[in-house]
Structures are given as C-alpha cells and as structure tokens.
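Chains as they are written, first to last, in the UniProt record's numbering: chain A, 1 to 489; chain B, 1 to 445.
Mixed in with the good hints there might be a few duds.
[What the hints assert, rightly or not] Between beta-carbon pairs, the in silico distance windows are:
1. B:Q175 - A:A83: 25 to 31 Å
2. B:N335 - A:R3: 26 to 32 Å
3. A:A83 - B:V8: 42 to 48 Å
4. B:S172 - A:E39: 46 to 52 Å
Keep in mind that the hints were calculated from the coordinates and are not lab data. Glycine included, C-beta positions come from ideal geometry on N, C-alpha and C.
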Amino acid sequence: MSREQQAVARARKAFNTGRSKPLEYRIIQLKNLKRMFYEKQKMISDAIKKDLNKSVEVTQLHETLGIESEIDLTIRKLKDWAAPRPVEKNLLTMSDTVYVHPEPLGVVLIIGAWNYPWAVTVGPLIGAIAAGNAAVVKPSEVCVHTAKVMEDLLPIYIDKELYPVVTGGVPETQELLRQRFDHIFYTGNSMVGKLIMEAAAKNLTPVTLELGGKSPCYIDKNCDITIACRRTAWGKYTNCGQTCIAPDYILCEPSMQDRIIEEIKKALKEFYTDNPKTCADYGRIINQRHFKRIINMLDDCTIAAGGENDEANCYIAPTLLRDVKPEAKVMQEEIFGPLLPIITVSGVDEAIEFINKGEKPLALYVFSSDNKVIDRIRDETSSGGFVANDCLVHYSISSLPFGGVGNSGMGCYHGKYSFDQLSHLRGCLIKKLNMEGVNNVRYPPHTPKKLSWARFILLKSSSLGWIGRMAMLAILVVVAAVALQRYLH
Amino acid sequence: MESQSQMVARLRAAFRSGVTVPEEFRRTQLTGLMSMIKDNEDQITDALHRDLAKPKFEAVLSEIEIVLNELYHSISNLARWMQPEYVSKSLATKLDDCFIRREPLGVVLIIGPWNYPLQLLILPLISAIAAGICASVAGMQSCCLILTTAACCYCVLSLGAERGRSQAVARSVVQAASVHLTPVTLELGGKCPCLIYGRINITAAARRLVWAKYFNAGQSCVAPDYLLCTKAVRDALVPALREILEEFYGKEPKESPDVSRIVSDRHWTRLMELLKKTAGTVVVGGEANREDKYIAPTVVVDLQEDDALMGQEIFGPILPILTVETLEEGIAFINRKEKPLALYVFSDESSVVKTVMENTSSGGFCSNDAIIHMTLPSLPFGGVGMSGWGSYHGRWGFEEFSHRRACMLRGWALERLNGLRYPPYSSEKLKWLRWTTSPHSCSIM
Chain A
1 MSREQQAVAR
11 ARKAFNTGRS
21 KPLEYRIIQL
31 KNLKRMFYEK
41 QKMISDAIKK
51 DLNKSVEVTQ
61 LHETLGIESE
71 IDLTIRKLKD
81 WAAPRPVEKN
91 LLTMSDTVYV
101 HPEPLGVVLI
111 IGAWNYPWAV
121 TVGPLIGAIA
131 AGNAAVVKPS
141 EVCVHTAKVM
151 EDLLPIYIDK
161 ELYPVVTGGV
171 PETQELLRQR
181 FDHIFYTGNS
191 MVGKLIMEAA
201 AKNLTPVTLE
211 LGGKSPCYID
221 KNCDITIACR
231 RTAWGKYTNC
241 GQTCIAPDYI
251 LCEPSMQDRI
261 IEEIKKALKE
271 FYTDNPKTCA
281 DYGRIINQRH
291 FKRIINMLDD
301 CTIAAGGEND
311 EANCYIAPTL
321 LRDVKPEAKV
331 MQEEIFGPLL
341 PIITVSGVDE
351 AIEFINKGEK
361 PLALYVFSSD
371 NKVIDRIRDE
381 TSSGGFVAND
391 CLVHYSISSL
401 PFGGVGNSGM
411 GCYHGKYSFD
421 QLSHLRGCLI
431 KKLNMEGVNN
441 VRYPPHTPKK
451 LSWARFILLK
461 SSSLGWIGRM
471 AMLAILVVVA
481 AVALQRYLH
Chain B
1 MESQSQMVAR
11 LRAAFRSGVT
21 VPEEFRRTQL
31 TGLMSMIKDN
41 EDQITDALHR
51 DLAKPKFEAV
61 LSEIEIVLNE
71 LYHSISNLAR
81 WMQPEYVSKS
91 LATKLDDCFI
101 RREPLGVVLI
111 IGPWNYPLQL
121 LILPLISAIA
131 AGICASVAGM
141 QSCCLILTTA
151 ACCYCVLSLG
161 AERGRSQAVA
171 RSVVQAASVH
181 LTPVTLELGG
191 KCPCLIYGRI
201 NITAAARRLV
211 WAKYFNAGQS
221 CVAPDYLLCT
231 KAVRDALVPA
241 LREILEEFYG
251 KEPKESPDVS
261 RIVSDRHWTR
271 LMELLKKTAG
281 TVVVGGEANR
291 EDKYIAPTVV
301 VDLQEDDALM
311 GQEIFGPILP
321 ILTVETLEEG
331 IAFINRKEKP
341 LALYVFSDES
351 SVVKTVMENT
361 SSGGFCSNDA
371 IIHMTLPSLP
381 FGGVGMSGWG
391 SYHGRWGFEE
401 FSHRRACMLR
411 GWALERLNGL
421 RYPPYSSEKL
431 KWLRWTTSPH
441 SCSIM
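Excised from the complex, chain A in its bound form (with noise of 0.2 Å):
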C-alpha cells in the first residue's frame, strides 16, 4: 500500500468510527487549529519568509489574519449552519416536520497552492472540519519550507487520523487521485483543474475549483485616478503580483494612459521606495521557472516603469507596460507577476467587448464615478466576484462567496460557504403513519373525483401566513374524515 493509499483508508476508517460528527469534537479541532497559528506565529512567518520573501507583517496580513477571522466566525456560528433548516410545506406535508439536514460528506482532498499558501490549503480545511467530515490536505509543494511546516505542525495540533497531511509533488497528487474521496477541492490553475476534474469523474467525486484567469481593471475617464491608481497598485505589486485575484491589466482610454502612468509610479514610490529591491516590504517571485515565465513577456512590449530584473534573487520590479497590444505575450495567459499591462480602449463598449472575448475571469474591477458605466458593466459581463473601486478586499468579506465561473473556477467557499461546499445537504420529511385519510386520495383504483382531490390537496404550494395555513390545516382535517369514510369503505 502506498502512503498516500494508507492516509487515505486511515483518514476514511477514523471518519467511520463517527468522531468528527459532534459539534463539541470539531469546534475542539478548530480552537486547537487557531492556538497554532497564536503559538506557532514565528516557524510559519520564517518558512513564508523564506518562499516568498514577505516580511512578519505581511503573513499575517495575507494569510493568518484571514484565517485566524474565519475561525472565529466557525466556532461562533457552527451550531446555526449545522442544524436541520426547516423549509416551506405544502398542504399535505403540513403536518409533517420538513427540513434540509447538513451532514459530513466523508472524506475530502484539499490541494493546495503556493502563493497564499495557508489561506489557500487551511481555509478550506476549516470548511471541511467545521462540516463534519475527514480531510487529507496536500499541501502545494512548490512552497517547500511552508509545505514542511505543515506536515510538521497540523500533526500535533489536529487529529493526525482524520487530517493527515501528504506532502509531495505530482506524482504523489497523482497517486493521491487514485483513492476515493469524497470530494475534492482544489485551487491552482485551470490546466491541472480540468485534469483533477477528469480524475475526480472516475468515481463521480465532486468537485470545487479555484482557478485563475486574467481579471481586468477598468479605469473610467470619470474617476479620481489617484485613489484608483493607489488601489490598483496595491492590488497588482501585493505579494508581486502572485494572487488569483490580482488585477492582472488595465483598460483605459487612450488619454488616460500616461496620467495613470505618472499616479502609479507615485503610488509604487509611495509602497516600496525607490528601491523596490531592498525595500522589506516588496516580495519574490517563488521560483526560476516562474521567473523565465514572467520575463519572456517582457519580449514583445514597451516598458514604462521598472523592467528591473535579477534571476538568482527571483527579483523583479514593480512593472508597467504601456501601449500593450492583445496579440502581446502577456496577454495570453493569467502573468501571476508583477507585470501591468495597460491596453487602451475607446471606451465602455470597447471594453465590455474585450472582456467578454477572454475567459469569465475569477474577478473583474472598475474604478469610477459614474454608477452607469458601473452597472453595465457589471451587467454585460461575468465573473467570479466583481469590485467597484477598489481590488482584493471582496475576498475578506466571509459573507460573500468566493469563487469563480466558468473557466475561473466551480464552486465556492468563505464563511458559511465553507461549511454548506463540504457538506450535503440532505433533504428531510419526516412523517407519521396517521392522517391516512388524505394518502387515499393517491391509491388506486383510480378514480376521476380521486384525480381532483388529489391535485388539490396533493400539489398545492401552500404560499399562505400563519392563519392561512391553520385554516388549510383545519380544512385539511375534515376532508381527512371525508376521504377516509368514503374510501375507505
């Protein structure tokens, strides 16, 4: 047996002995989870450091804060999203108890991805955990020194059985796929998302998808660019460029261009100082094979700022490139850099039309003042979530869902989302074997006057209040008696 076959059964066995059901196990799990993150602040911050260069402040910021927020809300509102949601009743069923039940769907696979690499591999985990069910996490192994950390940390803080941690690279993530789960949740790119899909049909296993895509920022003429340059700035440079969310280029009209050149350029100034490189607050590129990726973009455009460049450091500046065509290199795939394409439009319509020619993105923006150009856009495209004026910060809402459509992603997650992705939610009618009297109406021998009842009293939606539906109940009494002398005898 391989490890990852074994982590499996041994995750799929302690799920069957049915200790992560009761709520009281899993709110322990998770305030263990969160004293982690308290306890452990310094090993996750060094490994973090050490992959993507970003300072103490910063892995909180990005990561811990989130999640250590998420947590909290858990452990506060579990008791809410875990019991039965009772749900409209039609006349027939009035009596009876009606209710969605969410349940734990068994055992999950969180893969995760190297860039937020906690948010991104703990925050579905606290969805898994929170709904009841077992979870095997692989963590990105891009992310080498935060992927050991995990291994080492979960182990002793979470139960060992239920939450293995497997580490490894794609041949690990493939035997991993050859076991049965019962769901899978994933978050990377689309490529390897349509190939974890494909695997996942093999035993109809469901899946949730957080892709990528090229999410564009629309800045309106009607704005006021320097706020809109400085949020766009923050949103692009943050973590250099490597989140599925980042605004990865600007549409703007023609006369825009060098204004919102001028506003970042401040704004660059502003964040990292006039030395991006040595400033603690500006990050690396993870890896070489990134690295390469990014600057053969660099090939076919003209650079309006920074360009600057050192390999053995994974160092590339905060990147402006102006006048970019969309046959341009950096056009044709998600830049996951710190590279900023400016592509001028004549206006809305050209934009909205460019947009919708590209893949449905994981996020779009716009900056303006206009609340017209605002809806319509919002109206004439599609995307996983959508901000006005500002980037990123949609994420940090747990009420909202996060997710993408179409190519961006399936499914979603955050808050409560969490909890609802990874359980099933089961239907629930709970009856009596009384009031027998009414079912006649269904049984043969068929009967044109049994058709008629049973159309009223079968079907109806019952989309009455309160008094309403006493008065139905009453009515519903009566024609019990009725139906049950008549037929009966």
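Using the hints provided, position chain B relative to the given structure of chain A.
Structure of chain B alone, referenced to chain A:
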C-alpha cells in the same frame, strides 16, 4: 437540418444578446410553458400512455401536476429569487455595498431519461428559464414534440432509444465536461433502501409502501428498491402487501388500468433475468407477459445480500425483502452499499427514525412514506456520492443554474482607513487593521 454545434452557437448568440435575462422575459416563458402544458394535457397523457402505458392518474400526478406546481412556485417566487442578497460587513466596509447577484450561467444542456420524460426534462428547464439561461433539452421523442416555447432560446434534441441513468454514462458526461470546465448536476440513482423497524402499524406502512414501489411499475429513481426488516415483521408484512395489492389492482393486476408496463423489451428481459437468477422465493406475483411488457407486482423473500436482485438498482416492480434482527444490522447493511438517492424508514418510534438518519447518508430522506418528499419544491432534490451531485426543484434549481457573483461597490471615501493596508507595513497598522476588519467591530457601532 442544423448540426449540434450550429445549435449551440445559435443558443450562445441568443444568450449573448441578453434577451433571456430580464425578469419579464423569464416570466413570459414560464407562463407560456404553463399554458402549453395545460392546453395539451390530453395529448401529453396520451403520448405517455403510448410510450410507457402510464395510467392517466399517474401521468397527471407525476408529470403534469408536479410540473405545473413547479411552474406556479417559480413564477410566484421569481422576483424574490432574482433580488440581490445584501450581506453583513465589517467596519472597514460599512460604507460599501456588499451583495450577491444571481447571474445566469449561459447555455445549459439538459439530458433527460425516459421514466418520467416530461417531469425530468421540464423541471430542470423551468429552473433554467427562471435563472435566465438558454437551454438545449435532450429527451425522449414523444415529449419533444411538445416544446415550442421561444425556439431561439431553448432547443430540443430527440434521443431515440432509452439511455441508462447509469454511472458509466455519468462518468463520460463528467469527463466530457472537464474539457471545458463545465460544472455538472448529476441526478443518478441507486438502490433506495427501506428499513422497517420497531413499533409499526403494518397495514398503514404496507399501503404507502405498495403505492411507492409499484407506481410506474417501480420505474422511479426514488422508488424503494428493497426492504429490510425483522423476520416477524416480514411475516406480518407479506400478507398485508398481498391484501393491499388486491385492493389497488384487483385480483388480476394485468387487467387493471392502473398498472404500468415496463418501458422496453430490453428492460423487461433484464428484469425477467433477475427473477430467474434470484435465489429467493417469489411469494407474491411473478407473472409476466412479454408481448405486453407486463410484469406483475412481485415480492421476493429469503434472499441474501449477494443475490442477483441486490446488485444493480432494480427499477422494476420486484420488491426483495431481506431480514435483519437489529437496527444496527440494518444500518450496517445499508452503509455497506453506495449512498442512495433516497432512504426510507418506517417506524412509529421517533428514536428509530433519528438513529437511522444520523447514521446513514442519502440524497433525501423520508420517514413513514416514500417518494412524496420529492413533491415539495422547498426541499433540495439530488443525490450524494454515487447517486449524484447537485440538486434542484424550486429555489435549489434556480441556484444550481445561477452563478452567485460576489459584488462590492466602494466609494472614494475612507482612503485614510484604506491606508492602513498599504506598505510600508508596520505592526501598528496591523493592529488597527485587525480591529476594523473583524466582524466584531460592527457590534460596537
């Protein structure tokens, strides 16, 4: 004759034009669909009778009424479902608009089976229309002549012979979908167990059981597939079943107009093979007629877990009864099999019902009755594990075909507050940010 790719391109162009999105359009289509079904009820029930020998009563209830009910439900709730959903915010986002918009996915393919050809094609179509989508509907020949609404937005493909609802087909659907990262909803089947345990009114249980099992000659994805009970209950149940069957269908079920037929020769042969191979004893029914595709309502006892009848979903009017002596044994038996689309428990003891529900998993669950849970549009109808992914009916269907787009509309104000997040980073800034972005901070305001 339009090719399939031409048809999809046409649907996509129709969707792009935005015509299906306004509420008015969706409402008009749904109302049109309702008129179409009401005006053609006889034609529909006749076609169903021709194809499946469906008694008119069954056709009206399970095909016409359930669809009309879903239409009423969707039309009266459409405006509410389409409303943006405003969500709770943190202090940092207090002045912003944060909401979720339900947006149409685009172009959807609906593939329907043969057992309830109208219901199982039209119910998803209703959800698709309500969600503002263009749809291609692939179904059985006889029901396809019925759909004429807004031809540019909804296409009908006629698929000849019946396809299995099997897992093999589902697998190839998912594999095909993975190429384009198309999300899928799979409504599959499975062996729906029915457990009878504890204190029980045998006659009442038998009546509901017989109705559910032999409705449409057992050809329902949520029909109770097999029964589990103690020997004592079985011995009391069999005569009750016999009695109820006679009450429903008379002494000669073959003569009763209320008994359906098997859909095709292929399925009739499959079921007869199962009866031949079973090691159990037929205690009720067993008569069959090939020409008529008739199989009598049949009950089989004294069979084991590895019997021929316990392999695939039966999907026919044969009810195996297996015995277990304890509730734990029954639950363990159910859990050894794949998660079914529905699970039934008959018992007067609510603790029994609770124990079964909490220790098993299934798409849907119903106690002391069967099938009826799917007539409630407020309950999600769908499977789990091998019985399917996703769910529909009522609002669930609307959500299934919608993309929930998270929207946030900010203004230019509070840029100083925003300033906390910009580099240069400091632990001071971090402390403030922690406070303003936590959900707690709102309660102070």
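Hints versus structure:
Between Q175 of chain B and A83 of chain A the beta carbon distance is about 38 Å. The supplied range of 25 to 31 Å is therefore violated. In this structure, N335 of chain B and R3 of chain A meet the distance hint of 26 to 32 Å, their C-beta atoms being roughly 27 Å apart. For A83 of chain A and V8 of chain B, the Cβ-Cβ distance of about 43 Å falls inside the hinted range of 42 to 48 Å, so the restraint holds. Between S172 of chain B and E39 of chain A the CB atoms are about 49 Å apart, so this pair conforms to the stated range of 46 to 52 Å.
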